[in-house]
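Asks: What follows is each chain in one-letter form.
There are 2 protein chains.
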Amino acid sequence: MSLDARKQTAKDWFLSLQDKLIAAFEAVEDAAGPLYADRPAGRFERTPWTRGDGVADEGGGVMAMLKGRVFEKAGIHFSTVYGEFSEEFRGQIPGASEDPRFWAAGVSLIAHTRNPHAPAAHMNTRMIVTTKSWFGGGGDLNPMHPAYRDESHEDAVAFHAAMKDACDAHDPTYFTKFKQWCDEYFFLPHRNEPRGVGGIFYDRHDSGDWDADFAFTQDVGRAFLDIYPRLVTKRMDQPWTDDDREAQLIQRGRYAEYNLLYDRGTTFGLKTGGNVASILSSLPPEAKWP
Amino acid sequence: MSLDARKQTAKDWFLSLQDKLIAAFEAVEDAAGPLYADRPAGRFERTPWTRGDGVADEGGGVMAMLKGRVFEKAGIHFSTVYGEFSEEFRGQIPGASEDPRFWAAGVSLIAHTRNPHAPAAHMNTRMIVTTKSWFGGGGDLNPMHPAYRDESHEDAVAFHAAMKDACDAHDPTYFTKFKQWCDEYFFLPHRNEPRGVGGIFYDRHDSGDWDADFAFTQDVGRAFLDIYPRLVTKRMDQPWTDDDREAQLIQRGRYAEYNLLYDRGTTFGLKTGGNVASILSSLPPEAKWP
Chain B
1 MSLDARKQTA KDWFLSLQDK LIAAFEAVED AAGPLYADRP AGRFERTPWT
51 RGDGVADEGG GVMAMLKGRV FEKAGIHFST VYGEFSEEFR GQIPGASEDP
101 RFWAAGVSLI AHTRNPHAPA AHMNTRMIVT TKSWFGGGGD LNPMHPAYRD
151 ESHEDAVAFH AAMKDACDAH DPTYFTKFKQ WCDEYFFLPH RNEPRGVGGI
201 FYDRHDSGDW DADFAFTQDV GRAFLDIYPR LVTKRMDQPW TDDDREAQLI
251 QRGRYAEYNL LYDRGTTFGL KTGGNVASIL SSLPPEAKWP
Chain Z
1001 MSLDARKQTA KDWFLSLQDK LIAAFEAVED AAGPLYADRP AGRFERTPWT
1051 RGDGVADEGG GVMAMLKGRV FEKAGIHFST VYGEFSEEFR GQIPGASEDP
1101 RFWAAGVSLI AHTRNPHAPA AHMNTRMIVT TKSWFGGGGD LNPMHPAYRD
1151 ESHEDAVAFH AAMKDACDAH DPTYFTKFKQ WCDEYFFLPH RNEPRGVGGI
1201 FYDRHDSGDW DADFAFTQDV GRAFLDIYPR LVTKRMDQPW TDDDREAQLI
1251 QRGRYAEYNL LYDRGTTFGL KTGGNVASIL SSLPPEAKWP
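Chains B and Z, in that order, give the protein sequences.
Quick note on numbering: the first sequence equals residues 1 to 290 in this note's numbering.
Quick note on numbering: the second sequence equals residues 1001 to 1290 in this note's numbering.
Keep in mind the hints are simulated off the structure, nothing from the lab.
Glycine included, every Cβ here is placed at the ideal spot set by N, Cα and C.
It is possible that some hints are incorrect.
Claimed, not checked - Listed next, with one range per pair, are the computed distances between beta-carbon atoms:
(1) PRO290/B <-> ASP1226/Z: 22 to 32 angstroms
(2) GLU1154/Z <-> GLY52/B: 34 to 44 angstroms
(3) THR1131/Z <-> PHE89/B: 48 to 58 angstroms
(4) THR1050/Z <-> LEU3/B: 52 to 62 angstroms
The whole structure should be built from the sequences, with the hints applied where relevant.
Replies: Take a look at the structure:
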């Protein structure tokens, strides 16, 4: 397959994954029980955006936001961006020092549930092209209630098993490696605590077999699409107390700290003229630092 | 005056300024009207802390936190820290490349008011010693309600006048220079908006006359001590609506973005083993990103 065909194939997949995730989230909104009777089932609002100054075509995307009842706030974004890396970034990106042009497409998801018993989550998969080409992404589970913030909790176990299945279908070494990478990456050093209960994270992934790498990235998306809505559905109708909510809001503060202090996607995006609304859509709808 | 005597003099002043500010804030808590009848007047809780591994003496301070009724959350912290800058920071600090030892003392204040009509504020003054010695600091007003977020609003005008008086008593060029520095420093580029309505900011300030520079730094502290409690007192009993509160919580989100993305004190402190609790005490008690 030519490079152009690969780009098109990956782009089509990311766009279809965005659609599938949106449909799955809206189905969860529909299925919510009596706890949510005073709120209507939420629907995503899709907002197309373009990048750049309006003269040069530098890509863009579709930001999809949900302010729902089960999902207090969720963003599922598709984007294709291209152009030239600034001097500042060329040395930091594989293959960009020789030629600053890049192309990137991907889908990113962040979900904050209303029910403190139901986990928040993050998922992102992307294809990047410079003079080299690679995939990156992963998914991680971020329960906000202390009772669920342990890798041995059944929800965390189920999430890890789903990510492991996606990995094992491609390479028996992936899961251990990418799980550790996730644990190291989603960590708050100043608090000496993890952001959530983990999952997988991979980047600059190029095995030499594009078809295999693309198939793996697809499977990560499919695995998340299957497991995360199921975990939310399992917890969404469980009643919660004011104390549960307070604990959730405080943990969300830690989540905001991570994203603003450490998350490379956030800081990179804000410094390279990304779409501020979609970059910062990861911030929790409400948080506390009492 | 010897360098040791200067350090002691500055340290004594910062400690006494912390006491004066705490007394002024507690007096405001006492003076609150019927809107706050269901809450007791708040009192600061002082927590001493020490820096380092417990073997080498690397200083410490007194963190003072108020969870009050007028002040939903306020921190007024005194610290004296000393030791050696890490390799990473030596090149960035005046006089530290020759000799990595440093000494710093100061007081820092952050206040988040409950009433959306009453402004939040920040103040910090400090003395730093490496092979050089200088002062830094300033004060800035951060109204969270859109109706007050304009430099021409009477509250902003009064705050700027107070800062100008403190500056003008020492040098007619200070106010213009330090006001502009404040506007440039407390700015969110990704939002293209200022953090608040400004004030003054100065750093690496060494006119060659230590006594004059110390007197100026004292006057900045005294000016803030006078004007800010007066502005809060003026607004605290003004009734507010749910919409006012919502606007305040959203603006507080922007405040958190600034502190975690750009504030040098925050990022520097977290990366150099500062006291996490006092560094992050600037984060708002409650914030929204709806």
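Asks: Run every hint past the structure and note whether it holds.
Replies: How the hints compare with the structure:
1. PRO290/B <-> ASP1226/Z: 22 to 32 angstroms: Since the Cβ atoms of PRO290/B and ASP1226/Z sit about 29 angstroms apart, the hinted range of 22 to 32 angstroms holds.
2. GLU1154/Z <-> GLY52/B: 34 to 44 angstroms: 42 angstroms, holds
3. THR1131/Z <-> PHE89/B: 48 to 58 angstroms: 35 angstroms, violated
4. THR1050/Z <-> LEU3/B: 52 to 62 angstroms: 59 angstroms, holds
Taken one by one, the earlier hints fail for this structure only at number 3.
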